[in-house]
Amino acid sequence: MIKYGYIRKIIYFSAIDGPGNRTVIFLQGCNFNCLSCHNPETIPIFNNLNMENTEVQLMSVYDILKVLDKNKSFIRGVTISGGECTVQFEFLLDLVMNLKKHGYEVYLDTNGSLEISKFQQMLHFVDKIIFDLKVFEEKEHIKLTGASNRKVKRNIKIAAVSHQIYEIRTVVIPKFIDNYKNVDKISKFIASLDKNIQYKLTTYRQQGVRENLLKTNSPSKKQMSNLKEICNNNGLLNVIVN
Amino acid sequence: MSELLDIIKDKSLTYEQRVLTLARYAEDQLNVLAIDAETQNLRDEGIICDLYEGHAPYRPRYIVPDYDKFVKNGSKFLELEPPENLYDLLNKLIILYRHVPSISSFPVYIGNIDYLIDPFITNEEDDYKFIKYFMQNIDRTITDSFCHANIGPKETVAGKLILRAQRELNTSIPNITIKYDEDVTSKELLYDSLKTTMVTAKPSFANDKMFRKEFNGDYAIASCYNGLKIGGGNYTLVRIVLKKLAEKTENYNEFINELLPNAVNNTIKYMDERIRFLVEETSFFKSSFLVNEGLIDISNFTAMFGMVGLAETVNRFSKGRFGIDKEADDMGVEIIEKIYKMVNEHKNEYCKAFDGKFLLHAQVGIDDDKGVSPGCRIPIGEEPDMASHLNQIARFHKYFPSGIGDIFPFEETYKNNIEALANVVNGAIDTGVRYLSIYSSNSDVIRISGYLVKKSEIEKLRNGDPVLRDTVVLGRGAVDNQKVLERKVRGNV
Ligand code: SF4
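Taken in order, these protein sequences are the chains called A and B. Going from the first sequence to the working numbering is simple: count from 1 and add 5. Going from the second sequence to the working numbering is simple: count from 1 and add 3.
With the rest of the complex left out, here is chain B (with noise of 0.2 Å):
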């Protein structure tokens, strides 16, 4: 009961963000889930983690749903008409955002924002100030940085006007990603979004071919980096701490062909449970009016198996150091491929999107995470030059659909000759990169894992302020545990 009170009297938490605390200590308290022995230790070892995702899911965690068709039919449940002119639309989606669940209870897919507005477009200069405003209000009222936007992979005069605003406002929600194809994004679109990265650390650039291809189609960025299905999303992620599992054992070969691919199992069985309860026992897709109103569709969703500290397992068994050395990536990617095949051969039967398949993560790390590297990251510190960092990526990220990407730190100076980041992300998207991105060194918002912080918000928090966005607790976490002020910078190297 204590910690019921400390709750209710933590100085450094919002109102709205005492609430959620408490709604989470509440759910805790339940023990509903059909776990047997062997997981429990595991997830008591701290090898199977849920990330705190709760111990009875009663909403996915990630919901993406699709916003075109809420444009169209407007929604009877919210008694919204499809909108008819930029200020009614951007008005009903900031309604319908604020009745999209997740795992924090924020939204974390806000749509293909630039496509959803252009058709509303009348007049460029009065049309950017409501969009500017739009912009703000989803920066103060959806606190939580995992709100994501996507924009592209075609231009548009809303996607330019978008990109605009955030030069302007500099805040760090949302989190947005350009759909980047060569072939389809103009170039002028390109540098307006390489621009503005070096202001604000937005856009992230991903891989438009390699994820229409594994999604036969469209697909939605949301959250971190995470591609899922349009008008549907992510049960639930459950990740294995690698680090954890190989520190069992000083044997590669016992940790490949046993540990392994016992804790694969283990967190499959895990995660067939937790859906388990969410679809069959909660009432979740049985009542939820973005179900009944087609928003989404439980036929679109998945599950998404993480995993993170491939570096540090790879760096206890192999003689060669992970990143630098051939012959250690080579591990690594054995292991991953050994996850890979394990968890594409498993079905699930509410995990129709994929045929029954969970998707794999690369995971970023929680902020209490301590020497463990996010998903298959080089450890910060560790980087090796640019060209090689990018082709050393390359080979892990193809078997990440749902969601893998690496953060890149620039010189200033590439500020003033965008054409030069032009080049490293078409290089790096011809070599296989899903997912990248970029910052400027010196910007006060920067990339902590996948989310966006403001380092002078993680300073207010370190003053014992309250922050109004919650994610800067996780960002402080991030700079304290993970380096993350420490990457290596590039340009002139």
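Chain A with its partners taken away, still in its complex shape (with noise of 0.2 Å):
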């Protein structure tokens, strides 16, 4: 059966999701509701095409492949992003399985709370996985996205054990919780499991998020690299402030 998913965009060149330069499509749909979410139109859950946007398609694996065909020779690899693209894990499964099969290098962008056995059956059919890990705290991670963070924990343990992490993810919002003790504790936790992991510390900015929900602004630059410093004292080797 030809499966179809719910295809917020594509963008054909990106240099920022990932190495070299990629295809990014970006799937619709997603299971947190982040209050710090730059594309919060990404976060409703489709289930048809009558709800009301336009913007959004419906594409099957065969149509993607046919749009990736002209980009081939000008990309390194696909990134597959959000909204959270494994909130559409058949769709996505059949999908990753088919780019491997016709030699893309595929990366995932994911929050990382996809159930713990599906994402191993994941795992085997892309190469490596982006994640955000907004909050180290449970309650805090609760308060920021809605969602535990208990599974996100135990995927990023499972990527690192095979190597399959391109880069971890956390944005610092300012007044929202304590940055120096959440990055500490991520740090600490990567370093953990493997002081290579690369890890990107995202300066917040208010553009495009929903006004309100959090009444705040952005780090300085001295925050930025103080906040680097500390993963650095912890251990680990590869951090990027951006």
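Since the hints were derived computationally from the structure, they do not count as laboratory data. Quick caveat, the model's predicted, so the values are computed rather than measured. Glycine included, each C-beta is placed from N, C-alpha and C at the ideal position. Treat the hints with caution; some may be incorrect.
[What the hints assert, rightly or not] Calculated cross-link-like contacts (lysine to aspartate or glutamate; reagent style EDC-like; alpha-carbon spacing at most 16 Å):
no., chain 1, residue 1, chain 2, residue 2
1, A, Lys71, B, Asp433
2, A, Lys75, B, Asp388
3, A, Lys14, A, Glu60
4, A, Lys75, B, Asp433
5, A, Lys77, B, Asp433
[Unchecked claim] Quick list of the computed label-pair ranges, beta carbon to beta carbon:
no., chain 1, residue 1, chain 2, residue 2, range
6, B, Lys463, A, Arg215, 26 to 36 Å
7, A, Glu234, B, Lys14, 53 to 63 Å
8, B, Gly323, A, Glu234, 23 to 33 Å
9, B, Arg101, A, Thr208, 46 to 56 Å
10, B, Glu415, A, Gln125, 54 to 64 Å
11, B, Gly323, A, His168, 48 to 58 Å
12, B, Glu489, A, Thr59, 21 to 31 Å
Dock the two chains into a complex; use the hints.
This is the structure in structure tokens:
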């Protein structure tokens, strides 16, 4: 049976979603509801196209392969992002299997909340994972995202064992939580798995975020470099600030 | 006479620019070329255009000296022994550059400078300083962006020092091309080149395999992006403004079967006449020391048959849009193939470099072209996504050994992901792209059509201040008339 997915957008060339030039496929729908979400329009989960949105398209794996075909010579690989790409699990699995079959390097950009067994299944067909680990403490995680982070941490551990983590990202949001503590804990956690894992601290920017959910501002450059120092002190070797 | 006085009084010209403008004015008082009435009509209509090459050509448009020979033998005429060390070499090259004419009176090719310099490198850090002074000297004395240096395809220490100097100097001159072959060029040199072009809009990338095959060995990239034989050059460049020709009819059949062949034939005749005058009646090939000392040889010369405005021509006749719809692109290919075939059937006895043939050239346009896209380029503002764009241009690049190229500004984010740019360049070359240029959308040095100009200098000129480099004037025209600052920026689309 042909599977269809709800696709929010395809970016043909991107330099910021993994190594090399990549085509990025954004799947619609997310199981979190982050106050800090930069693309809140990607959150609603679609069951049919009658939902009021003309920007989401229903595409088959074949449709996507066709779009990728003309790009193939100019990209290193494909990154699948969201929303949260694993929300459309069946479709995603079919997609990544086919992408691998056609020789693409496949990365997933995920919030890491997929059920463990499904995640393990998925790992067979992707090269690397880009994780968001937004907050370390579960309670605070629920406050920001509406969901627990237990599975996230477990999945990170699993992917670390098979060396399939490309990057872990944390957005630094001033005032909302104690970022020093949060980054300290996350970096210790990552270092305990593998000091070489790339950890990216992203500067929070108001732009695109739903207004009034978070009354805050962007962190200063100084704050960001202090946080980076914490990570380095905790033993991480690849820390990026952006 | 008042025109003459205008030139003398013009506040925006430097002394040197004034002298050259006066010389051009003087040359154009002559009427020595035998041009028949039909050709003259086409010239008057702006369909055949010699790009103000002058009414009495007294030097080849582009000269490509064999600098290796100069380094080996020195020059009797210039009273120079072969160079003995790096400083000696750089000094002597600068002396020679001063004596290499061209249409703009500045040299349009200054050598595969990495290969020239590399054997003289003894101490990287000390030598770097000399190379930087050398590059700075070129930028300030050869004040014309059509001056072109080549590097590669092999990695050398000198090549990397040259790129480093470019990143630091951030100047528009010389234009630089890396002859790039994935199987020969090191990854390090490719990455270094990409890093440099995101800072200072050069080097551009030439498909080395493709050029080498057509030129049966080595070649030079001179002026904008023109492939020419080393130790030779190009006599003349005359272009057909296809758009203006197309405007004479509503009927594509009439265009392709009557108007176009007629214009091509007249252009060829006109080029033959320009070459005849230059070779037979002027003293250039009889007295120039470049010829006498074998730094150039008439047997390595050809001429360039140019064209512009394919996009507008196709859009006039096709139901589709050029660059977007296949049927429109197919029509574009048909037009170019027709020109290619006719031009290749013609033989000129003085064009021995390619068995008497002229080479096709996708001309980049001049500053006062309005609504005419360069060569076979897709109009600015209508560019498709980059993958489609590269696939489209590859269909045309193969017809133009003496020059065609496309330009892609990239988002800043690509500065931090050089591998991504390498993916694009390698993919493009594999697809059959001959020549491409990349720059960062927010650099000061930007690529206008083939040459480079600083945005800050265009602003100076706008304020009525004289500027050192003559091409800034062209750059301003292109910014105003051809919207070059509005090219589609690549990445995140
Ligand atoms: S996980 Fe990502 S897409 Fe989902 S709500 Fe959070 S920020 Fe938005």
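- Query: Where does the structure disagree with the numbered hints, that is, which hint numbers, in rising order?
  - Reply: 1, 6, 8, 10
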